[in-house]
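Asker: What the sequence shown shows, in the working numbering, is residues 1192 to 1562, in sequence order.
Think of the hints as simulated: they come from the structure by calculation, not from any bench.
You may find that some hints are simply not true.
Pair by pair, the computed Cβ-Cβ distance ranges are [what the hints assert, rightly or not]:
hint, residue 1, residue 2, range
1, Glu-1453, Phe-1391, 17 to 27 Å
2, Glu-1396, Gly-1236, 45 to 55 Å
3, Gly-1301, Phe-1391, 32 to 42 Å
4, Val-1270, Asp-1506, 44 to 54 Å
With a straight-line cut-off of 25 Å between C-alpha atoms, the simulated DSS-like cross-links for lysine-lysine are [as the list claims (entries may be wrong)]:
hint, residue 1, residue 2
5, Lys-1548, Lys-1538
6, Lys-1472, Lys-1501
7, Lys-1548, Lys-1228
8, Lys-1228, Lys-1240
9, Lys-1501, Lys-1240
10, Lys-1231, Lys-1510
11, Lys-1472, Lys-1524
Given the structure is predicted, the values throughout are model-derived calculations rather than measurements.
Glycine is no exception: its CB is placed at the ideal position from the N, C-alpha and C atoms.
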Amino acid sequence: MFKKSMAALAVLSLSAGLASASEVTLYGIVDNGLLYKHSKVETNGVSTKTDSFALESGISSPSRFGIKGSEDLGNGMTVSFKLENGFNADDGSFGDDRLFNRESSLTLSGDFGKLSFGRMGAIGSAAGDFDAAFAIGDAFDGGDGDVFGMAASDRYDNMVTYQTPSFSGFQATVQYSLNESSVDNTLRENSSQVDRYLGFALTAELGALQGVLAYETQNYASFGDKAQANTEDGQVVYLGGNYDFEVAKVFVMGQYFKGLAENPFAADAFEGDPVDGEGVKGYGAHVGTIVPVAGGDFTGGLYYVNSTAKYADEDADGKYYGIALKYEYPISKRTSVYGGTGWYKAKVDYSADDVYKEEAYQAYLGLTHCF
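All chains should be built: construct the whole structure from the sequences, respecting the hints.
Answerer: Right under this line is the structure:
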């Protein structure tokens, strides 16, 4: 940890010197808030209740700092980089064992579009510059705290991304990862020993209307120590959009998934490996809105997910219901206060007459500052 902290300080100190050579910016978000959670987990009639009240980081926006820069190469060409770290503002710790865990990318831009290399968010990750599915189809852009339940991808290593220019409001994005995580799996890239990712997205911006059609697939490792039990590739299809009525922006999104290695919600209730290599399949839906109110924004959203998996001894059928409400008010150009609440309920029925239930409530109040 000491070496990593020293490396971070060295990078930050160098940024001032680099600024004279190219456009370099130090940026970030610090978010802290008070969060109350009440949860109840019940298995075959035996329940456990948990209550917590704590100071938490990143309730509204994940706390982060980053360095980004660009250089004009001439003839309409630009090279840029982005190095971004996620941290916990409540105790100063790193988000994980990586220095730049949120993004580490190098991009070449021009009349042809954008070509990016490195670690970055996938199309359906609700993270990063290429976030398409949830940025357009979800009012909360990836749920609100524990209220979400939908299938989503993640940030991946060894990613190559190409994004076209906008043609009359339409834009396409293609991504491929040769190994989703070099930290967890150091075996040969782009081989059957590692998990690989492929994603496509077509987005449209037509005045007040935005739309997205996206497809993601994960080619799970099928050979070696990291081989997955299910042989079918994980697949997710997204269709969504939003329309700005000025008095309110309305969001609608649906998704279909199959072959997933893990259930999107109540993962503990879907233990073991599905038979026949099928993985988990199902669908999800979301409707939400952002409404300007008294100088701030009120955001609300509903989530529903239905999933199923077949096991050797029994089948598991799950349902998820969630609702989230939030209000954010800017007290300056870079600082805002927020408060919100949410609830979700998950239920898993097994063919062997077992039942798993999970229900939780959250309420929070916090402060966000951008720099």
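Asker: Evaluate each hint against the coordinates.
Answerer: These are the hints, each one checked on the structure:
no., hint, in the structure
1, Glu-1453 <-> Phe-1391: 17 to 27 Å, "holds (22 Å)"
2, Glu-1396 <-> Gly-1236: 45 to 55 Å, "holds (51 Å)"
3, Gly-1301 <-> Phe-1391: 32 to 42 Å, "violated (22 Å)"
4, Val-1270 <-> Asp-1506: 44 to 54 Å, "holds (52 Å)"
5, Lys-1548 <-> Lys-1538, "holds (4 Å)"
6, Lys-1472 <-> Lys-1501, "holds (10 Å)"
7, Lys-1548 <-> Lys-1228, "holds (17 Å)"
8, Lys-1228 <-> Lys-1240, "holds (11 Å)"
9, Lys-1501 <-> Lys-1240, "violated (29 Å)"
10, Lys-1231 <-> Lys-1510, "holds (16 Å)"
11, Lys-1472 <-> Lys-1524, "violated (44 Å)"
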